[in-house]
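Visitor: Chains as they are written, first to last, in numbering that gives the first Met the number 0: chain U, 0 to 339; chain F, 0 to 339.
To be clear, the hints were calculated from the coordinates, so they are not data collected in a lab. A few of these clues could be false.
Because identical chains share one entry, a pair is satisfied inside a single copy or across any pair of copies.
The calculated lysine-lysine pairs, modelled on DSSO-like cross-linking and capped at a C-alpha distance of 30 Å, are [claimed, not checked]:
1) Lys238 <-> Lys309
2) Lys229 <-> Lys149
3) Lys272 <-> Lys149
4) Lys270 <-> Lys97
5) Lys86 <-> Lys337
2 protein chains.
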Amino acid sequence: MERILIIGAGLMGSALSVHLANNGHGVNLWGTQWDREIIKEMEDRRYHPALNVDIPENINLFYDDQLEEAFKDARVIIIAVIAKGMKAICQVLKPYFKKGQIILTVSKGLDDDSLHTMSRVVEESLPQGLRGQISIVKLGGPLIAKELAKDTYSEAIFASKDIEAAQYMSILFKSPKFRTSVTEDIDGVEICAAFKNTYAITMGILEGIEGGYSNPKAALMARAVDEMGKIVAAFGGRKETAYGIAGLGDLYVTSLSGRNGRFGQLIGQGKSKDEALRLMDNATVEGLAMTLNGYSFLKALEGEGRINLKEELPLFYQTYQILHQGEGVEKAVEEIWKVD
Amino acid sequence: MERILIIGAGLMGSALSVHLANNGHGVNLWGTQWDREIIKEMEDRRYHPALNVDIPENINLFYDDQLEEAFKDARVIIIAVIAKGMKAICQVLKPYFKKGQIILTVSKGLDDDSLHTMSRVVEESLPQGLRGQISIVKLGGPLIAKELAKDTYSEAIFASKDIEAAQYMSILFKSPKFRTSVTEDIDGVEICAAFKNTYAITMGILEGIEGGYSNPKAALMARAVDEMGKIVAAFGGRKETAYGIAGLGDLYVTSLSGRNGRFGQLIGQGKSKDEALRLMDNATVEGLAMTLNGYSFLKALEGEGRINLKEELPLFYQTYQILHQGEGVEKAVEEIWKVD
Numbered sequence: 000m001e002r003i004l005i006i007g008a009g010l011m012g013s014a015l016s017v018h019l020a021n022n023g024h025g026v027n028l029w030g031t032q033w034d035r036e037i038i039k040e041m042e043d044r045r046y047h048p049a050l051n052v053d054i055p056e057n058i059n060l061f062y063d064d065q066l067e068e069a070f071k072d073a074r075v076i077i078i079a080v081i082a083k084g085m086k087a088i089c090q091v092l093k094p095y096f097k098k099g100q101i102i103l104t105v106s107k108g109l110d111d112d113s114l115h116t117m118s119r120v121v122e123e124s125l126p127q128g129l130r131g132q133i134s135i136v137k138l139g140g141p142l143i144a145k146e147l148a149k150d151t152y153s154e155a156i157f158a159s160k161d162i163e164a165a166q167y168m169s170i171l172f173k174s175p176k177f178r179t180s181v182t183e184d185i186d187g188v189e190i191c192a193a194f195k196n197t198y199a200i201t202m203g204i205l206e207g208i209e210g211g212y213s214n215p216k217a218a219l220m221a222r223a224v225d226e227m228g229k230i231v232a233a234f235g236g237r238k239e240t241a242y243g244i245a246g247l248g249d250l251y252v253t254s255l256s257g258r259n260g261r262f263g264q265l266i267g268q269g270k271s272k273d274e275a276l277r278l279m280d281n282a283t284v285e286g287l288a289m290t291l292n293g294y295s296f297l298k299a300l301e302g303e304g305r306i307n308l309k310e311e312l313p314l315f316y317q318t319y320q321i322l323h324q325g326e327g328v329e330k331a332v333e334e335i336w337k338v339d
Numbered sequence: 000m001e002r003i004l005i006i007g008a009g010l011m012g013s014a015l016s017v018h019l020a021n022n023g024h025g026v027n028l029w030g031t032q033w034d035r036e037i038i039k040e041m042e043d044r045r046y047h048p049a050l051n052v053d054i055p056e057n058i059n060l061f062y063d064d065q066l067e068e069a070f071k072d073a074r075v076i077i078i079a080v081i082a083k084g085m086k087a088i089c090q091v092l093k094p095y096f097k098k099g100q101i102i103l104t105v106s107k108g109l110d111d112d113s114l115h116t117m118s119r120v121v122e123e124s125l126p127q128g129l130r131g132q133i134s135i136v137k138l139g140g141p142l143i144a145k146e147l148a149k150d151t152y153s154e155a156i157f158a159s160k161d162i163e164a165a166q167y168m169s170i171l172f173k174s175p176k177f178r179t180s181v182t183e184d185i186d187g188v189e190i191c192a193a194f195k196n197t198y199a200i201t202m203g204i205l206e207g208i209e210g211g212y213s214n215p216k217a218a219l220m221a222r223a224v225d226e227m228g229k230i231v232a233a234f235g236g237r238k239e240t241a242y243g244i245a246g247l248g249d250l251y252v253t254s255l256s257g258r259n260g261r262f263g264q265l266i267g268q269g270k271s272k273d274e275a276l277r278l279m280d281n282a283t284v285e286g287l288a289m290t291l292n293g294y295s296f297l298k299a300l301e302g303e304g305r306i307n308l309k310e311e312l313p314l315f316y317q318t319y320q321i322l323h324q325g326e327g328v329e330k331a332v333e334e335i336w337k338v339d
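With the rest of the complex left out, here is chain U (with noise of 0.2 Å):
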């Protein structure tokens, strides 16, 4: 038994800890000022509504200004916040970082300033003398909160430079129905987890256009796989991290429900993006920011000579012009079907 600090309790975070605690691990989940009505809610009736399932008893709640405490024995710590919060929430954590510990993070994306990937930013954030002492283990895979709370089949790959740290949090995570897997590869890993959410925004948009059929999307799957694979190569990853759990897996769930999907299907449907988020109540569309943050990160790999982004990744390049340049639907779809 692991005593483990979980940070941010959104639904990604709450998910975690319920798995984590029904594993017999001790929890401590710490919430920051966004999630206060929820820790209280929890606390109170030790019930997640969202989630719909009971909060076991070996989830201690932490609110916001109580980090040191949620620290206290806890040698493993998972980020569950959205890519955007991940820097700055690095540096609130940061004088609670120790030699031994072990960081996993969750959120799935780039960082807005610097692009650099999510585990990128955990280590930027170690102070110099921890650097090279603290393990940074990054979780990829299909994993849909509110399946996870119900303790769904699922499968996810823990990916960490420190294969050993990998396959530790590996076995805390692992139970009868939560398949896992280890791989050095944690940019191959970073990069699917981030770019999925376009691809699933390209494949909304072709389920948009023609509602409801299904050619369109295994035919952009296929391809959204292999583009992906293309980056993770140009970046120094293992392209073959792009064909298995944490690419085509993710992407398949992704693909199937969620935000990103349901925004791309607006688009496709005409609307403009102010429209389609306006209908989305203006939610969060994950995919929107990673498409712009995704554009200047390959152009980066670019200028290195490293990938030919319209000519290699036309569904990336095509997708970003409809969203970012005003580019039609109809004209982007068609360059993404033409054959080479």
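With chain U held as given, fit chain F onto it using these hints.
Guide: Chain F only, in chain U's frame:
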């Protein structure tokens, strides 16, 4: 413009006819003895009720006793019968095979007796003097007939050892909304086309156990593609074929709709094979026969030391155990989810 003969007026044969006719080609659509009614209906109404599309004027319709006329001027022959009927139909067509023809096979499965791929069944049916004189091409990829007939965005791959024949077929089929590619890996495409039927059942089973959840299906999707890659490689094809449109693309579409998935769901809900089939009005579930054929096929590969069925292909193995060895769903899924 080419004159193309399509053998079999089932949904797929008819949909391919409509697509090729819309592409400007002359199509001779020949129905087997089981297609008489639909040929009559298309002839009378110039409309296909199940596909819900008009039958273009440049499709000529032929009854089963008009095979000789149907072959007239046709250099490209597309065989679109079910896998089970492939060997028999080739014997019927044999007298009409001629040097310089291209035969495209669409059927997905393995021959019940020989366990050979569809392309190989065609090849073996060629008179000795014509071997090497007729090019055999395989169509792979995610194509739902109803969608194809309606000209949704689609993508397919043409595979042949005669790459020029594959390229020629690709030219006949391609259109602004129908994207094509070619490969020499005809064995890989055949394997994916056949085995995806089993994996769609596996995904359906998990959907049946845990109604409507996505995490389990996403996890299986990644592993199914990995297993298909292993089978392809063991059979001498290119593993990468499984990661593309013929493998993951086709599995994606099959997992979203169709009888294999539905059948799997019923099995996952605890129905027996017979009950499940009864609830589906005894519709043909291709994956059921395919799992039996696939097992024998893999046993033969295993006998040659090229694969370890139980260790390397747990999804396939356990699905076979459930469907054909009376193994309980729970025990089988437990085995599938176990970490090696």
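Visitor: Would you mind marking each hint as holding or not holding in the structure?
Guide: Hints, verified against the model:
{"no.": "1", "hint": "Lys238 <-> Lys309", "verdict": "both (19 Å within a copy, 27 Å between copies)"}
{"no.": "2", "hint": "Lys229 <-> Lys149", "verdict": "neither (35 Å within a copy, 33 Å between copies)"}
{"no.": "3", "hint": "Lys272 <-> Lys149", "verdict": "between (34 Å within a copy, 28 Å between copies)"}
{"no.": "4", "hint": "Lys270 <-> Lys97", "verdict": "neither (49 Å within a copy, 54 Å between copies)"}
{"no.": "5", "hint": "Lys86 <-> Lys337", "verdict": "neither (40 Å within a copy, 36 Å between copies)"}
Checked against the numbered hints above, the structure violates hints 2, 4, 5; every other hint is satisfied.
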